[in-house]
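Modelling step: build the complete structure from the supplied sequences, incorporating the hints.
The lines below spell out each chain.
There are 2 protein chains.
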Amino acid sequence: MMIDVEQAVKRLLQQDRVCILAHASPDGDTLGSAYGLYYALRELGKQARVRCADPVPSQYAHLCREYREEDFEEGFVMAVDVAAPNLLGGLEAAYAGRVQLCLDHHPTNEGYAQESCVWPQAAATCELVYEVVRLLGAPVTPMVADCLYTGLASDSGCFKYPSTSPQTHRMAAQLMEAGADYSRINERLFDTKTKGRILVEQAVLNSIRFFAGDRVALITIPRSLLEHAQAAEGDLDGLAALPRMIEGVDIGLTLREKEEGVWKVSVRTGSRADASVLCGKFGGGGHARASGCLIRAGYDEAVRMLTEAAEHLLESLE
Amino acid sequence: MMIDVEQAVKRLLQQDRVCILAHASPDGDTLGSAYGLYYALRELGKQARVRCADPVPSQYAHLCREYREEDFEEGFVMAVDVAAPNLLGGLEAAYAGRVQLCLDHHPTNEGYAQESCVWPQAAATCELVYEVVRLLGAPVTPMVADCLYTGLASDSGCFKYPSTSPQTHRMAAQLMEAGADYSRINERLFDTKTKGRILVEQAVLNSIRFFAGDRVALITIPRSLLEHAQAAEGDLDGLAALPRMIEGVDIGLTLREKEEGVWKVSVRTGSRADASVLCGKFGGGGHARASGCLIRAGYDEAVRMLTEAAEHLLESLE
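Note that the protein sequences, when read in sequence, are chains A and B. Counted the way numbering that gives the first Met the number 0 counts, the first sequence spans residues 0 to 317. Counted the way numbering that gives the first Met the number 0 counts, the second sequence spans residues 0 to 317.
Take the hints with a grain of salt, since some may be wrong.
[Unchecked claim] The calculated DSS-like cross-link candidates involving lysine-lysine, where the alpha carbons are at most 30 Å apart (straight line), are:
id, chain 1, residue 1, chain 2, residue 2
1, B, 194, A, 194
2, B, 192, B, 263
3, B, 257, A, 192
4, B, 280, B, 263
5, B, 280, B, 257
6, B, 194, A, 192
7, B, 194, A, 263
8, B, 192, A, 263
9, A, 257, A, 192
10, A, 263, A, 280
11, B, 263, A, 194
12, B, 263, A, 192
13, A, 194, B, 192
14, A, 280, B, 194
15, B, 45, B, 9
16, B, 257, A, 194
17, A, 257, B, 194
18, B, 280, A, 194
19, A, 194, A, 263
20, A, 194, A, 257
21, B, 192, A, 257
22, A, 257, A, 280
[To be verified] Residues from chain B that face chain A, not an exhaustive set, calculated with beta carbons under 7 Å:
id, residue
23, 159
24, 165
25, 168
26, 171
27, 172
28, 175
29, 182
30, 185
31, 189
32, 191
33, 192
34, 193
35, 200
36, 204
37, 244
38, 246
Just so you know, these hints were derived from the structure itself, not from any lab. Since the structure is predicted, the reported quantities are computational estimates derived from the model, not experimental observations. Cβ coordinates follow ideal geometry from the N, Cα and C atoms, glycine included.
Shown next, in the form of structure tokens:
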């Protein structure tokens with residue numbers, strides 16, 4: 000059942016032993032929401048814990064610095080920023096049917112929880128959690144502010160993405176005034192790269208190829224790259240956006256080798272070409288500006304098929 | 000003479016034919032301030048023009064889309080975001096002694112104008128210009144909002160830099176509500192790279208070297224790079240920050256070849272090592288976290304001198 004924020008707060012006020020679930024492969028928003036709510040509930044004298052199937056990545060370690068794991072029997076199970084039960088990862092089996100309340104901002108939220116409060120207009124679930132914390136009457140301590148700022152900044156691309164609203168900025172202002180250590184958090188989130196990431200970027204930039212008079216750009220991520228760069232899966236985040244960022248490029252293609260002769264293709268387009276049309280030719284699909292497909296072919300053949308299809312698409316627009 | 004914003008507004012209200020000077024090699028803040036004020040003054044029925052020694056870079060072209068050059072005799076000369084007369088570049092000779100009002104946020108502003116209003120706490124001169132526009136009673140049209148948002152976002156690193164304040168965020172919220180096309184502006188400013196920039200990043204990442212157990216990282220920018228990458232000087236912006244961004248790196252070194260055997264060295268450090276101490280050994284200096292010096296030597300010798308000095312500095316901290 001969908002409920003509004005006041006109802007969600009009413010439900011939470013009745014609970015004393017709360018388990019907060021974050022999604023697997025956790026990002027700043029699910030962790031910021033979970034820990035922010037944890038600290039707020041603790042301020043209200045309630046028992047709480049945070050559960051996540053995967054470890055907290057190092058750039059979010061500051062969220063846990065005042066966390067204390069307590070032994071108690073869970074009386075209430077809630078999920079934050081978790082759009083579907085399978086996103087709980089390794090916790091799905093234990094918790095999937097038991098989620099009583101879900102706070103989320105994904106418009107695709109499946110309503111799997113007993114009660115769900117979803118703000119699809121919010122740039123981050125943390126926007127909703129901030130309202131929950133205020134309505135709970137919990138103090139927004141510097142620790143709570145750090146958590147909510149982390150989620151807000153990370154999910155909005157540091158206020159860069161179109162999802163950013165005036166309300167996102169006003170919340171950032173209030174969290175800064177509440178003591179969020181925004182300067183250090185921003186440096187950690189946006190100006191720090193692992194050595195593995197640097198080596199990945201080096202290899203990817205070296206792989207860049209231009210076609211159709213520089214209107215199509217292509218990058219390649221071979222299977223060997225992660226090992227070569229001693230990089231983690233997370234070091235590949237956001238790479239598919241790179242080729243389309245280049246001035247004048249209408250279609251950006253990313254070929255990631257899944258196994259010998261199998262390529263996972265990501266297509267990003269500007270406002271003119273439709274990425275889902277291009278991917279549709281290869282049995283894939285998605286959105287107008289971001290789509291994907293799978294191609295089974297040798298590298299040269301895969302590149303030829305894709306770039307020819309991209310050129311045809313561009314010609315058809317003229 | 001230093002004046003406050005109310006006095007600056009009073010002065011501006013008396014003027015009808017205003018020339019607004021931006022600094023040479025213009026950035027988003029000087030251009031956003033100049034054009035934002037231009038449109039606001041036009042709304043008040045005043046004549047105005049913008050002057051800059053250098054052309055408007057393509058990523059800021061949207062600021063000029065409703066600009067009309069009019070023929071009138073300048074009755075009042077003002078400068079925005081110009082901390083010293085020599086920053087006027089090619090306009091210095093014509094205007095240096097004639098600036099009647101300066102609006103700026105640089106704490107180093109020399110007070111060269113007859114009257115100066117400086118807000119050193121502001122993340123951008125556009126913060127001050129916004130207040131001026133409001134006190135002038137001019138409407139904040141979508142065009143004015145676009146200009147001021149552009150300056151605010153570009154000078155604050157899209158709200159990432161420590162200079163960002165709660166007031167910066169609140170102003171962003173208000174400009175978005177006034178119709179700033181923030182989504183397109185952000186994409187243009189922060190998610191668009193020239194092909195030249197991509198080739199520059201490729202070469203710079205390929206040049207990266209690690210020393211002292213990965214605690215020192217060094218990049219090299221040879222003279223040939225700009226030509227090789229068909230890149231502009233602006234395509235080198237911000238590169239010196241790159242080596243220090245890498246996790247675990249305490250000292251980031253950038254060697255830029257000025258002429259055969261002459262290297263302009265930029266040093267960036269984390270909170271531990273003092274960059275000015277390192278540069279001081281080579282006759283340079285600057286700030287604790289960002290300094291520079293000049294080294295005359297062959298490449299290998301320059302690298303040896305710098306990395307040895309960097310290692311000694313790190314050892315002395317242990």
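Please verify whether residue 45 of chain B and residue 9 of chain B have alpha carbons no more than 30 Å apart.
Holds, at about 14 Å.
Interface hint check: residue 168 of chain B, Cβ to nearest Cβ on chain A, cutoff 7 Å. Holds or violated? Since the shortest Cβ distance to chain A is 4 Å, the answer is holds.
Holds or violated: residue 192 of chain B to residue 263 of chain A, with C-alpha atoms at most 30 Å apart: 25 Å, holds
Report task. Compare the distance between the alpha carbons of residue 192 of chain B and residue 263 of chain B with 30 Å, and conclude whether the hinted pair is satisfied. Result -> 25 Å, holds
Open item on the list: Against the 30 Å threshold, does the CA-CA distance of residue 263 of chain B and residue 194 of chain A hold or violate the hint?
Closed with: Holds, because 25 Å separates the two Cα atoms, which is no more than 30 Å.
Q.
Run the distance test for residue 280 of chain B versus residue 257 of chain B: straight-line Cα separation, threshold 30 Å.
A. 20 Å, holds
- Message: Check the hint pairing residue 194 of chain A with residue 263 of chain A against an upper bound of 30 Å on the C-alpha distance.
- Response: Distance of about 25 Å is within 30 Å: holds.
_Pair hint residue 257 of chain A and residue 192 of chain A, alpha-carbon separation not exceeding 30 Å_ = The hint holds at about 25 Å.
When you check the alpha-carbon spacing of residue 280 of chain A and residue 194 of chain B, does it fall within 30 Å? Holds: residue 280 of chain A and residue 194 of chain B sit about 28 Å apart, inside 30 Å.
Checklist entry - Against chain A, is residue 192 of chain B within 7 Å by beta-carbon distance? => result 5 Å, holds
Satisfaction of hint between residue 280 of chain A and residue 257 of chain A, Cα-Cα up to 30 Å:
20 Å, holds
_What's the verdict on residue 194 of chain A and residue 257 of chain A, does the C-alpha distance respect the 30 Å limit or exceed it?_
23 Å, holds
In the structure shown, no violation is registered for any of the earlier numbered hints.
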